[in-house]
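Model the full structure from these sequences, guided by the hints.
Protein chains in written order, with full-length UniProt numbering: chain V, 1 to 306; chain G, 1 to 290.
I should point out that these hints are in silico values taken from the structure, not numbers from a laboratory.
Check before you lean on any hint, since a few could be wrong.
With a straight-line Cα cutoff of 25 Å, these simulated SDA-like cross-link-like pairs (lysine to any residue) come out [said to hold, decoys possible]:
hint, chain 1, residue 1, chain 2, residue 2
1, G, K116, V, Y20
2, V, K298, G, K69
3, V, K209, V, L199
4, V, K224, G, L272
5, G, K116, V, A24
6, V, K298, V, W101
7, V, K224, G, G288
8, G, K69, G, F51
9, V, K108, G, K205
10, V, K108, G, M281
11, G, K290, V, K108
12, G, K290, V, L95
13, V, K108, G, L272
14, G, K12, V, L98
15, G, K12, V, F212
16, G, K12, V, A24
17, V, K224, G, A285
18, V, K298, G, M281
19, G, K290, G, P178
20, G, K12, V, D196
21, G, K290, V, R166
22, G, K118, V, A24
To spell it out: a stretch of chain G is covered by chain V in this simulated footprint if at least three of its residues, at any positions, have a beta carbon under 8 Å from a beta carbon of chain V; those stretches are [to be verified]:
hint, region
23, 32-43
24, 58-67
25, 113-121
26, 265-278
Bear in mind that the values here come from a model prediction, so they are computed numbers and not experimental data.
All C-beta atoms, glycine included, are put in the ideal place defined by N, C-alpha and C.
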Amino acid sequence: MKALKTGKKLSSRENNLNAYVFLAPYLLLFLVFILIPIAMAIMLSVTNFNTLEFPDFVGLMNYVNLVTQDEIFMQYVLPNTITYALIVGPGGYILSFLVAWALSQLPKVPRTILALVFYSPSITSGVAMNVLWRILFSGDQAGYINAWLIRLGIITEPVQWLTDKRYLLTIMIIVALWSSMGVGFLAILAGILNQDETLYEAAAIDGVKNRFQEVIYITIPAMKPQMLFAAVMSIVNTFQNGMIGVQLSGANPTPGYAGQLVVNHIEDYGFIRYEMGYASAVSVVLLLTVYVFSRVSKRLFSEREY
Amino acid sequence: MARYRKNYINPKRFDRSQIKIMLILLPLALFMLLPIVFIFCHAFKPMDELFAYPPRFFVIRPTLDNFYKLFRTTSTSAIPIGRYVFNTFLVTLTTVTGSVFISTLAAFALSKLRFKGKVTLMEINNAALMFVPVSVMIPRYLIINALGLIDTYFALILPLMAMPVCLFLIKQFTDQVPDSLIEAAYIEGAGDFTVYRRIILPLIKPAVATGAILSFQQVWGDVMSSSYYISNETLRTLPFYMNTLTGAGNVIAGQGMAAAAGLVMFVPNLALFVILQSNVMNTMAHSGLK
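Structure below.
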């Protein structure tokens, strides 16, 4: 309705050609660096391409190989990615919501300071992050975690945290959760703070008694759009951060493939082995995964009429 | 009427009921903060404290040695650090300005102008929020190669300029600029570009600030572009150089230096966010995705 009214008055021309001028720079870059790469990934994924010779068409061969031949993918990459994504995605998301909700119950000054504290890990850029965690988890006895654990008598020998395949994935998950409160967290916080107070008043009259009920029946339903935005951001960040295994252990492939995620697998095949066709097939799988997860969250948060 | 006390959200002042929330939040906040405090301490530690055993968390005698060393090391390497700093500033400034500029232009059109294909375009952009750049690093590399951008500043700038999130947030914010204001301007005879520059831009400053921060965060710490698209050492950026400092085999030798480097990368990010945080929160209030 609003759009209709706008349209009639804002511009006498039905089809404002200026709009395309305004859009052109963004669209051009969007096309070249986002849409075409996606299309190319899909095309390359059905070819065999070693970057030197012209790609030759192999049909769904790469996908078939991925599922049937690629033992590393099946044995390590897939389980790692699923574990990592299932903990970091929903975990980081739920944590963001709980922290944002708790923060919303505080007055402005402490809230702002604490929000900054929670947001700041997500802006320690990759470099700072891997400097920091590599020093903390350093494998000799002078490494901080090792030294503390030895002093507390929990371990006697220093542990090779980052090169031991038993620990790498766990540490990756901790680091990823630590830095998971980014834009989505801010969106949720803003969403909670901007809710209409009368909703809560009405709910109290209708018999909502405690804060838990408030959250379930009012807070979440009233801010579904923000929850969805945060969910999408959380899914993208989870997969985007996939490089941390390589950053922490300093090697691709990671020791014993313990921290190998889909992103590292793409890099391994694409830039180390130059099997671009195969790597593209893995990219397409990754894109699809992100898309499917986002659709699921859209289902969860779509505003349906009851 | 049921006894209704004001809801607990956004209280004006301190209340005893907040104590239990503080008790839960503070330990968690401490955990989030520890690594950052550690980076600060580590960067200012003198040699003997860096290698003290047992290792100490806090710095006792702070010194600027690590920073001096960081800048001196580069004088022995072929490329002076000034070059990396210059590259980073150039690339960051151009990318941030560029991405905010093209996003505001596009947001204005998508929000306030009428044209064919508008709904479809917005939907495509919303779908692109799910876009994971690392997943298409190979096609991107091939495109940058085909365009002849390898080993140019453009390879560091252009791919990061189109940010679906940036456009989305700015567009959502622009939606709440009252149409009557714009109508009045059109009646006065203003053209589309005048409306954009004189009315829209001043009113969407918070969203511009937010877009700038998000773009800054993305480009400031970007290591990937430098390592994939650039082979000419003189064009690489600071984060790439910092990464080589902390790379395999260099962990012990450069610990203090690495922490100093990490701090150099972190502080501008933090400062920018602190300065602009109220704008960000203001923008995020309109971040709903349907």
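Hint by hint, here is what the structure shows:
1. K116(G) - Y20(V): With a Cα-Cα distance of about 9 Å, the restraint between K116(G) and Y20(V) holds, given a limit of 25 Å.
2. K298(V) - K69(G): violated (51 Å)
3. K209(V) - L199(V): Holds, at roughly 14 Å.
4. K224(V) - L272(G): violated (29 Å)
5. K116(G) - A24(V): holds (14 Å)
6. K298(V) - W101(V): holds (21 Å)
7. K224(V) - G288(G): holds (8 Å)
8. K69(G) - F51(G): holds (16 Å)
9. K108(V) - K205(G): Holds: K108(V) and K205(G) sit about 22 Å apart, inside 25 Å.
10. K108(V) - M281(G): Within the cut-off at roughly 12 Å; holds.
11. K290(G) - K108(V): violated (29 Å)
12. K290(G) - L95(V): Holds: K290(G) and L95(V) sit about 22 Å apart, inside 25 Å.
13. K108(V) - L272(G): Distance ~20 Å between K108(V) and L272(G) Cα, so the pair holds.
14. K12(G) - L98(V): Roughly 21 Å between the alpha carbons, so the hint for K12(G) and L98(V) holds.
15. K12(G) - F212(V): holds (21 Å)
16. K12(G) - A24(V): Measuring from Cα to Cα gives roughly 46 Å; hence the hint is violated.
17. K224(V) - A285(G): Distance ~12 Å between K224(V) and A285(G) Cα, so the pair holds.
18. K298(V) - M281(G): holds (23 Å)
19. K290(G) - P178(G): holds (21 Å)
20. K12(G) - D196(V): Within the cut-off at roughly 16 Å; holds.
21. K290(G) - R166(V): violated (41 Å)
22. K118(G) - A24(V): holds (13 Å)
23. 32-43: Holds: 7 residues of the region 32-43 of chain G have a Cβ under 8 Å from chain V.
24. 58-67: violated (count 0)
25. 113-121: Coverage by chain V holds for the region 113-121 of chain G (6 residues, Cβ < 8 Å).
26. 265-278: holds (count 7)
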